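Asker: Residue-level listing of the chains:
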Amino acid sequence: MSADLDVVPGITTRREEAMSTLQKLVSAPLGWARKYSLYQYPFVTACCGIEYMSLACARYDVARFGAEIPRFSPRQADLLLVVGTVNCKQAPVLKRVFEQMAEPKWVIAFGVCASSGGFYDNYATVQGIDRVIPVDVYIPGCPPRPEQVLDGLMLLQKKIQGQKHTLIDRQALPAGTGRGP
Amino acid sequence: MSKAVIDALVARFPDAVHDPYVGVGGDDCAFVRKERIADVCRFLKEDPALDFNQAPYVTAVDYLGVEPRFEVVYNLTSTSKNHRIRLRVKVPEDDCQIPSVWGVWRGVDWFERYCWDMYGIRFPGHPDHRRLFMYDEFQGHPLRKDYPLRGRQPLVPERPVEEIYRGPGPGGRD
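As they're listed, the protein sequences go chains L and D.
Taking our numbering, the leading residue of the first sequence gets 1, the next gets one more, and so forth.
Taking our numbering, the leading residue of the second sequence gets 1001, the next gets one more, and so forth.
Don't read these hints as lab results, they were simulated from the structure.
These numbers come from a predicted model, not from an experiment.
Take the hints with a grain of salt, since some may be wrong.
Unchecked claim - If we take Cβ atoms under 10 Å as the criterion, some of the chain L residues that face chain D in the derived model are:
| id | residue |
| --- | --- |
| 1 | Glu68 |
| 2 | Arg71 |
| 3 | Phe72 |
| 4 | Ser73 |
| 5 | Arg75 |
| 6 | Asn87 |
| 7 | Cys88 |
| 8 | Ala91 |
| 9 | Pro92 |
| 10 | Val97 |
| 11 | Met101 |
| 12 | Asn122 |
| 13 | Ala124 |
| 14 | Val126 |
| 15 | Gln127 |
All C-beta atoms, glycine included, are put in the ideal place defined by N, C-alpha and C.
Make the full structure from the sequences, and use the hints.
Answerer: As structure tokens, this is what we get:
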């Protein structure tokens, strides 16, 4: 199974994520810890929610991947699962929820409506949530089979393992964020 | 069965109701003049032989190119007498309003808001005359035939997505 994932394109190492051996020594266990304990925020809007529910239940157990706990607060979650159609009316809400999440955070676009607007190419639907927030993994399907979603989750786990993780994240805040009360 | 309903209606309002016909699926339909719709609806509800106590669907149609342009369609049912009727009311574009029948059936509240939101037909007498589906900053009425199909009005600025390959197809056109 992991041999299939090895030939997937798009998971390459960016220059800023290249690591020395010592950094890899730190990053590998941190990546292992982060990928096997994903706290998901299920941003469920539409029919894909049914498949999300069946994913979380006994048969297609997502708990065995460590991603069991849904946290319905963005402050406590690190994986934003956007499940279902996102309208132009809902897009500011989604953006706000994403901005409230703390780093490190990842986004999965669950279903074709979240990935590309689905078959709703009309006046109301955002054509893919990547027009609003950055997305890590896209899972197509209308709705996707739970096995397909688990495949996407494993793809995300592989991506997380390959990213650069440090013990202390010193990042400059984006320009414009004040330290107000 | 509903022929009696249509006959009673035409007998009561000979000037307001015209062109009764039998529509698709055996439904009885009639055209009603715009100004008298409230009286007609009140009669249909309160007459004990007719007793139309439900308005399960009220919608609007845009016939672009035909004068009058819009048509509001009232589907009425009676749960006690088990008959149905459909009323069609032509609404011209330059006088795009029709008296609200909210006073007759509370259930048309959201349908009339939907007709305002999607078609731009006003309902004087409606207590809460605002948009139903679209957000308040939205300009225009999207289900009109001259509104573009893909006329999105995003509330948040969209990110540039150069590095994601969209591929051919209708999605790439927008």
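Asker: Please flag the earlier hints that this structure goes against, numbers listed from lowest up.
Answerer: Violated hints (numbers, rising): 1, 2, 3, 4, 5, 10 and 11; every other hint is consistent with the structure.
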